[in-house]
Amino acid sequence: MASTVIGAGITIEGEVTTDEDVVVAGTLRGKLSAKEGVTIEHGATVEADVTGGSLVVAGALTGNVTAAERVDLQQGSRVIGNVKAARVTIADGAQFKGNVDMDV
Amino acid sequence: MASQASNLSVIGRAARVHGRVTGAVDLEVQGYVEGDIAVGGDVTVDGGGMVGANVHGRRLVVRGAVKGDLLATESVSLEEGARVVGDVRAPRVAIAGGLVRGYVQSGDVQGAPRAVVRAVAVARPAPAPAKAPVSMSAAVSAPQASNGTPAKKVAPPPPVSAPTVRHVEPAPRAISLGGSGSGAPAAKHGPPPPVVPALKKGAKGALKKKA
Chain X
1 MASTVIGAGI TIEGEVTTDE DVVVAGTLRG KLSAKEGVTI EHGATVEADV
51 TGGSLVVAGA LTGNVTAAER VDLQQGSRVI GNVKAARVTI ADGAQFKGNV
101 DMDV
Chain E
1 MASQASNLSV IGRAARVHGR VTGAVDLEVQ GYVEGDIAVG GDVTVDGGGM
51 VGANVHGRRL VVRGAVKGDL LATESVSLEE GARVVGDVRA PRVAIAGGLV
101 RGYVQSGDVQ GAPRAVVRAV AVARPAPAPA KAPVSMSAAV SAPQASNGTP
151 AKKVAPPPPV SAPTVRHVEP APRAISLGGS GSGAPAAKHG PPPPVVPALK
201 KGAKGALKKK A
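Protein chains in written order, with this note's numbering: chain X, 1 to 104; chain E, 1 to 211.
Think of the hints as simulated: they come from the structure by calculation, not from any bench. From the three backbone atoms N, C-alpha and C, an ideal C-beta is built for every residue, glycine too. Misleading hints may appear alongside valid ones.
Said to hold, decoys possible - 30 Å max Cα-Cα, derived DSSO-like pairs, lysine-lysine:
{"#": "1", "chain 1": "X", "residue 1": "K97", "chain 2": "X", "residue 2": "K84"}
{"#": "2", "chain 1": "X", "residue 1": "K84", "chain 2": "X", "residue 2": "K35"}
{"#": "3", "chain 1": "E", "residue 1": "K67", "chain 2": "X", "residue 2": "K35"}
{"#": "4", "chain 1": "X", "residue 1": "K31", "chain 2": "X", "residue 2": "K97"}
{"#": "5", "chain 1": "X", "residue 1": "K31", "chain 2": "E", "residue 2": "K67"}
{"#": "6", "chain 1": "X", "residue 1": "K84", "chain 2": "X", "residue 2": "K31"}
As the list claims (entries may be wrong) - A few chain E positions that, by computed beta-carbon distances, are all more than 10 Å from chain X:
{"#": "7", "residue": "S9"}
{"#": "8", "residue": "H18"}
{"#": "9", "residue": "T22"}
{"#": "10", "residue": "D26"}
{"#": "11", "residue": "Q30"}
{"#": "12", "residue": "R63"}
{"#": "13", "residue": "K67"}
{"#": "14", "residue": "D69"}
{"#": "15", "residue": "S75"}
{"#": "16", "residue": "G86"}
{"#": "17", "residue": "R92"}
{"#": "18", "residue": "V93"}
{"#": "19", "residue": "I95"}
{"#": "20", "residue": "A96"}
{"#": "21", "residue": "V100"}
{"#": "22", "residue": "G102"}
Unchecked claim - Part of the chain E face toward chain X, derived, beta carbon under 10 Å:
{"#": "23", "residue": "V10"}
{"#": "24", "residue": "G12"}
{"#": "25", "residue": "R13"}
{"#": "26", "residue": "A14"}
{"#": "27", "residue": "A15"}
{"#": "28", "residue": "R16"}
{"#": "29", "residue": "V17"}
{"#": "30", "residue": "V21"}
{"#": "31", "residue": "G23"}
{"#": "32", "residue": "E28"}
{"#": "33", "residue": "E34"}
{"#": "34", "residue": "V39"}
{"#": "35", "residue": "G40"}
{"#": "36", "residue": "G41"}
{"#": "37", "residue": "V104"}
{"#": "38", "residue": "G107"}
Start from the sequences, fold in the hints, and give me the full structure.
Pasting the structure below:
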């Protein structure tokens, strides 16, 4: 289980910084910085620039994304923003609008 | 996994949140939150947790550090390791351990402590204005008495205030010493104010004569 969980029904307006995993099932506005994995679950709303080791998105994300390893946009996700990561996957059924930089 | 995650929100040990945390569910703080927490559910500040702002919730359990007010709709429980600097208000307050510095109120009155604090703050300045009128009345009465001698208007007020303070302090000393020497200083304390201007006047005259 992730060390930091922003559950459904929780809203954070501000900046979240952590060295460990983060799971967002609620609402986050501001900025999210993590060293490890970031999971944005289905039903979550994130309006923030996100930085992390690897990012999995199943919810709604508006903001620029930078990941050290990979970004996975899963089915049902809605992402608006630029994505920068070594590896990016966009699942069938994911909505995405933005630039992709795979940092070749 | 997903359902578990959505049930409980955790600010992890290594996490830092700068901003406002709101919601209707439970929250557990193991890390650092610099910003108000206002949730409808329970809030737990764990041993390693730190909150640098007010915390509002239904039931609050604190084992960590909070610098801010704790306000709960049901209860606040401060357990071993709790360090709270701020007011604590809840219908039920339990302090089982830890340190608290602030105003603690249990009972169903919410928001009243702030009113009380304000009332106290208002009451404190009040005496100052109250003293001012007294001195004003004294000033008003003094000129009336000195109407016959307008030139000495300035001189009388100092003896009125100064001797009252000085006489009270020397009196016990005189009793303890019991000597005639102690009586002499007491007598000296009375005259000086008038004597000093008299000397100045004489000195001025002497200086002028010498010059």
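If you check each hint against the structure, which ones fail? 7, 8, 9, 10, 11, 37 and 38
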